[in-house]
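Keeping their order, the protein sequence lines are chains B and F. Residues in the first sequence are numbered consecutively from 31, following our numbering. Residues in the second sequence are numbered consecutively from 2, following our numbering.
A couple of the hints might just be wrong.
Facing chain B, from chain F, some residues (calculated, C-beta under 10 angstroms) [to be verified]: (1) Q38; (2) F43; (3) P62; (4) N63; (5) Q110.
These are calculated hints, taken from the structure and not from any lab test. It should be emphasised that the depicted structure is a prediction, and the values quoted were computed from it without experimental measurement. Beta carbons are placed, not taken as given, at the ideal position from N, Cα and C, and that holds for glycine.
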Amino acid sequence: AQSVTQLGSHVSVSEGALVLLRCNYSSSVPPYLFWYVQYPNQGLQLLLKYTSAATLVKGINGFEAEFKKSETSFHLTKPSAHMSDAAEYFCAVISGGGADGLTFGKGTHLIIQP
Amino acid sequence: DTAVSQTPKYLVTQMGNDKSIKCEQNLGHDTMYWYKQDSKKFLKIMFSYNNKELIINETVPNRFSPKSPDKAHLNLHINSLELGDSAVYFCASSQDPSGHLPATGNQPQHFGDGTRLSIL
Chain B
31 AQSVTQLGSH
41 VSVSEGALVL
51 LRCNYSSSVP
61 PYLFWYVQYP
71 NQGLQLLLKY
81 TSAATLVKGI
91 NGFEAEFKKS
101 ETSFHLTKPS
111 AHMSDAAEYF
121 CAVISGGGAD
131 GLTFGKGTHL
141 IIQP
Chain F
2 DTAVSQTPKY
12 LVTQMGNDKS
22 IKCEQNLGHD
32 TMYWYKQDSK
42 KFLKIMFSYN
52 NKELIINETV
62 PNRFSPKSPD
72 KAHLNLHINS
82 LELGDSAVYF
92 CASSQDPSGH
102 LPATGNQPQH
112 FGDGTRLSIL
C-alpha cells in the first residue's frame, strides 16, 4: 500500500525565512503526490500536485515542491514565509486508481514567528 | 458559489443516536469521498463512491453508511453513535477528464469545509 511520511509534526520559521516541509513516500510504482493546506476550521485546499509531467511543481501562494525519485521525497518549499502561511500542511499519495482515496501523512503544523 | 458543501457544519448529539451529514458538489464530478479527521488531525479515507461502485475502507464500522440520491450528493448516515465517532468529517469530490470511473489518481480532490461531530 502507498504511504507518505511527514518529518516534523511542528515546524517554526521566522517571517521572511525559507519554509521547508518534508515528505517521503513509499511506492513501488510512480506515485501521484499532493500537498494540501488546512487553515483553522476549514477544509483542505490543494497547493500543488505531482503527476510525472515535471519534477519541479509550482503551486499556489508561492509554494513549490520537487519530486526526487532517488530520495523518494516530495518536499514542499517557499522562499519567504508570510504570517498568512500559518496552517496545517498535509502530504498525500494516491495509487493509480483514485477510488482508493488519498492516503495522507500525519500533517505538519507550520508556525510563523513575527 | 461553494463547490463542495456540507451540512451541518457542527453537530452535537448524544451517544446512541442516529445522525446524517449531507454533502453536495456542483462541480459535475463523478466520484465522491468521505474522510474522517481525528483529534490529532490525522485524515483517513472512509468511502469512495461513483454511480457504479462503492469502495469501503475495511476499518470503517458498518454503523456508517453512505447514501447517494444522485451524482451530486453523497450523504453519510451514522447509526448508534459512539464517543469514538467524535471527529471532523470531510466530503470530497474528483473527476477524471478522460471519463474513467472511478476517477484516476492524477486528478485532485476538492474538499468541503467539514462537519465537526461531537458526541456527548
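Here is how each hint holds up against the structure:
The interface hint given for F:Q38 is met, as the beta carbon of that residue sits about 9 angstroms from the closest beta carbon of chain B, less than 10 angstroms. The interface hint given for F:F43 is met, as the beta carbon of that residue sits about 6 angstroms from the closest beta carbon of chain B, less than 10 angstroms. At its closest, the beta carbon of F:P62 sits 17 angstroms from a beta carbon of chain B; the interface hint therefore is violated under the 10 angstroms criterion. A least Cβ separation of about 18 angstroms between F:N63 and chain B goes past the 10 angstroms threshold, and the interface hint is therefore violated.
Hint status for F:Q110 relative to chain B: holds, with the closest Cβ pair at about 6 angstroms, below 10 angstroms.
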